[in-house]
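Take a look at the letters that make up each chain.
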Amino acid sequence: MKAKGALGIIVAWLVICLVSHFAIQHFTQRPFITLDNFELMMRQAIIVGLGAIGMAYVIMTGGIDLSPGSTIALTTVGVAITIKATNNPALGIAAAVIIGLLAGLVNGLLVAKLKVGPFIVTLASMLIFRGIAKGLAHEQTIGSVPDTWISIFTKALGKTERWQLIPKGAWVWLVLLVFMWFVLNRTVFGRNVVAVGSNEKTARLCGINISNVKIMVYAICGLFAGIAGLMQESRVGIGDPTIAAGEELKMIAAVVIGGGSLLGGEGSIFGAALGTLIMTTIGMGCSQMGIANWIQEIITGVIIVAAVTLDRYRMTRVPKVVEAA
Amino acid sequence: MSMLQVSGIYKSYGQTRALIDVSFQIRPGEVLALAGENGSGKSTMMRILSGEEVPDQGSLTIDDKPYSPRNPIDALRSGVALVHQELALCPHMSVAENIFLGQMGSTGFSPKEAEAKARPILESLGYPDLDPSKEVRELSISLQQVVEIARTQAINADYVLLDEPTSSLTKADIRKLFELVQRLKSQGKAIVYISHFLDEIREIADHIAILRDGQMVHRAPMAEITEAEIIRHMVGREMSELFPRSQRTPGEELLQVENLFGDNAKPSGASFTLHRGEVCGVAGLNGAGRTELLRAIFRLDHVRSGHVTLKSSSPHSIHQSWFGGAGFVSEDRKEEGLALGMTISENLTLPGRKGWLFSSKANDEVADKFAKKLRVKAHSVTQNVSELSGGNQQKVAIARLLHSGCEVLILDEPTRGIDIGSKAEIYELIDQMAKEGKAVLIVSSYLPELLGICDRVAVMSRGNLSEFIPVSQTNQEKLMEMCVQ
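Protein chains in written order, with the working numbering: chain X, 41 to 365; chain F, 6 to 490.
Worth double-checking, as some hints may not be accurate.
Below, in silico cross-link-like pairs of lysine to aspartate or glutamate (EDC-like), each with a Cα-Cα straight-line distance of 20 Å or less [said to hold, decoys possible]: (1) X:K241 to F:D306; (2) F:K339 to X:E201; (3) X:K153 to F:E336; (4) X:K241 to F:E336.
Simulated from the structure, these hints should not be mistaken for laboratory data.
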């Protein structure tokens, strides 16, 4: 059943690609499905795609995280400051990982120990992290950051690199995607995450430490926001405390389009990735057809409603009860 | 003649027949007690009277005119109002607003006007000092109940149904409630009173109607029936041959509970010992603290003080309880016992997973072994639990304990709401477990079941656990008597 769900999303994505292809060819006489566009799509999807991995974990437990956008901004500032001070890109990466993990841990500890709803906790931390980012950067962008190899993650591929197919950052995304799929589906911790989301009371009854699981998923979400922040810095080359506002909503949308339920227990890591690709494809298709931004937003909204409705419809049709004999 | 007549009511839920040909009358100026064990059909009858359920067959009339409510609002319009056991008030609104909730029409709302209208109602109930502008959450439980009863009088209901009204009241509050009921009675209202406490029923009711297994087995004026007769009518069935009992020999101590206190004095100082090869049962009414006792032992609920020794360890968390060799089956299969959205295999193997890696294939294989052992009827263990029947779901919940290899099985209402075939299989399994040297602690509302499968039983009453006595030295009547004390 799970595989079938993922298949449905792949089909939806392919349909969107084909529709865009023919529409664009019709109106502009240019093809849409090309290797160049594939590379472009992957490059645009990296940031939301990475964030959506962590978000999928949080949503899997029935939680929500509104702070990744702010964490991304905070990370760009942290990475920019670190590289400016040390000229060492490795330390920049370490800064991204540490900032992301810390931000996630704060969220996780507050949700698990204060027993305050995750919506409220992360709404607050969204403001707090954004504030810290602005404070650290003195309410300015941090420019003239030395150009290091961090920028290669999101650079377009040069002529001699075409064999790599997609940007290096996208490879990082794909590797982490597979790894986090493995963690969710093939480790005891991952199955505990699903159990907590499916029925927290049952998970507790069976001796699973609910607060540890919650702390971990928010830490993971923060970590991936940190990595997304690193990619953001790689792309823009500056530390920008106002960047990525609202990116968390795109991550949530990606998870939901990919079959995730905000009630927890459902969803998949690959689904979240496909959700990201669907949104990116729509964005690219619209802009290459010259469709205004506002129409793009309306289409994305409609897709979210359609995805959830289809999912609900599919769920109500499935159950068949085995009679007691 | 003015009265509410119930004639030949039938009601089934799927295979379960909840009410079979039930008839009785409720007369103005009278208190009718509706008595019966848990599951005898009392609640279903109340739900039908108050319009929350529609009967399959049979008729209701008020003053010889047909009364067929499709919903609670219909019932209120005909003057029939139910006061739920769990109060249904809006805590942040005032007493007056709660009294007139849904009755205020579509025009503007004036707090002053509502309060002025609420005052005479509260006076007529004997509570002239209750301030109608006060927020309901500031009131004690007993005063909240008064507000709920005042609500029935705001619409001038002639028939007031009280479902277990004293279950959370103190002795002094019970006296006040009785005065209120007497007042309503003297105003010519009819009251249907449901309670497990026989002494209360004897004091307040004029008539008694006793339900058993969905049938009306006895009706009598209260003056003409003794307490012993009431109990006999409530229980009165033959012990069937459902219950296998192998030769079991109690061995060493497996579980020792010493002076255990939980929150709200449930349990309040429970002590007992459970041995290998023993099945021990705890009887009691709903709300007496049976479930709380089991949950405190397993550390699912907070423990105030006391000590639990499990084999050689003394667990302080749910996790330690599982690893110490105990397992728990929840009374609430759908909300807590099972994660309905997960597969049989995932549910079955949830406790006690060790190490880091998880192989769903290995997991499915071992789950399949246990599912087969318990004869769970399913296509495969990768099926979602929600697709199984109640009995098969419960078997998965119990299989979980066997998979974890626990030796102390703590079962809270393990046969509630499942078909008779699955029940028999679970009884057989419990017997087999005891024979293999495990210990079983079981709570059940169904006395024949406890007497049938247990070696020793105790009764929980208002938080206090009695001694465990061998089943050969007791019977249903004696146990019921201890329950209602």
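Against the structure, the hints come out as follows:
no., hint, result
1, X:K241 to F:D306, "holds (12 Å)"
2, F:K339 to X:E201, "violated (56 Å)"
3, X:K153 to F:E336, "violated (28 Å)"
4, X:K241 to F:E336, "holds (12 Å)"
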